[in-house]
Amino acid sequence: MSKGTFEFFTGYPTDVLAFEAVGEIDAEAYETQLIPAVEAKIAAEGKVKLLYVLGDRFEGFTMGAAWDDTKLGLSHLGDFGALALVTDTDWIRHGMKIFAPLVHAPLRVFHVAELEEAKAWIREIGRPAEDHSHDAAAERKLSTLEDKIPPGA
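FYI, in our numbering the residues of the sequence shown are 49 to 201.
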């Protein structure tokens with residue numbers, strides 16, 4: 049197993065923290081890389097949307113890393129805007145199902161083959177939809193009150 053690290057991706061909206069776990073992730077990787085990055089993003093943005101990739105280069109977690117992951121998630125439950133987890137590792141996918149009810153934010157689990165879909169989802173989730181409710185069509189006329197007059201009046 050190789051010493052683990054988190055590789056952070058660029059090119060995402062400011063409220064998104066996108067990263068991949070590479071190698072065997074230990075507590076040191078969490079404490080020196082991921083936790084400070086998450087907390088800095090929360091401080092800057094208020095809420096953070098995470099794209100967490102555990103792909104082909106991921107070799108596992110140490111017990112210390114698993115504990116740090118749990119603490120990070122529980123201590124920031126209200127600070128997540130959305131979570132996208134990308135992995136084919138069954139025990140992690142099942143574990144997320146257990147954790148999901150605690151998260152008060154949209155959460156999706158993607159397979160590694162769906163990485164591009166996950167990237168698109170995390171970029172778009174929570175963005176305001178275009179609101180056309182106040183648009184007025186110039187060719188429309190205001191309705192008359194004729195249909196509001198009671199019959200026989």
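Treat the hints with care, as some may be off.
When the alpha-carbon atoms are kept at most 27 Å apart in a straight line, the in silico BS3-like pairs for lysine-lysine are as follows [what the hints assert, rightly or not]:
{"id": "1", "residue 1": "LYS51", "residue 2": "LYS119"}
{"id": "2", "residue 1": "LYS89", "residue 2": "LYS119"}
{"id": "3", "residue 1": "LYS145", "residue 2": "LYS119"}
{"id": "4", "residue 1": "LYS95", "residue 2": "LYS119"}
{"id": "5", "residue 1": "LYS167", "residue 2": "LYS145"}
Estimated spans, in silico, between C-beta atoms of each pair [claimed, not checked]:
{"id": "6", "residue 1": "MET49", "residue 2": "HIS152", "range": "31 to 37 Å"}
{"id": "7", "residue 1": "TYR60", "residue 2": "TRP115", "range": "25 to 31 Å"}
{"id": "8", "residue 1": "THR62", "residue 2": "GLY143", "range": "27 to 33 Å"}
{"id": "9", "residue 1": "SER50", "residue 2": "HIS152", "range": "33 to 39 Å"}
{"id": "10", "residue 1": "GLU79", "residue 2": "MET49", "range": "31 to 37 Å"}
Hints were generated in silico from the structure; no laboratory data involved. Owing to the predicted nature of the structure, the values given are computational and were not obtained by experimental measurement. We put the CB at the ideal spot given by N, CA and C, even for glycine.
Structure-based check of all given hints:
For the proposed pair LYS51 and LYS119, the alpha carbon gap of about 21 Å is at most 27 Å, so the pair holds. A threshold of 27 Å between alpha carbons decides the hint, and for LYS89 with LYS119 the separation of about 17 Å falls inside it, so the pair holds. The suggested pairing of LYS145 with LYS119 holds, with an alpha-carbon distance near 17 Å, which does not exceed 27 Å. Simply put, LYS95 and LYS119 have alpha-carbon atoms about 17 Å apart, close enough for the 27 Å limit, and the pair holds.
Restraint check: the Cα-Cα separation between LYS167 and LYS145 comes to about 20 Å, which is no more than 27 Å; the hinted pair holds. Taking the beta carbon of each, MET49 and HIS152 are about 35 Å apart, inside 31 to 37 Å as hinted. Taking the beta carbon of each, TYR60 and TRP115 are about 28 Å apart, inside 25 to 31 Å as hinted. Our hint of 27 to 33 Å for THR62 and GLY143 holds, since their Cβ atoms are close to 29 Å apart.
The supplied range of 33 to 39 Å is met by SER50 and HIS152, whose beta-carbon atoms lie about 36 Å from each other. Judged by the Cβ atoms, the range 31 to 37 Å given for GLU79 and MET49 is violated: they are separated by roughly 19 Å.
Violated hint: 10 only; the structure is consistent with all others.
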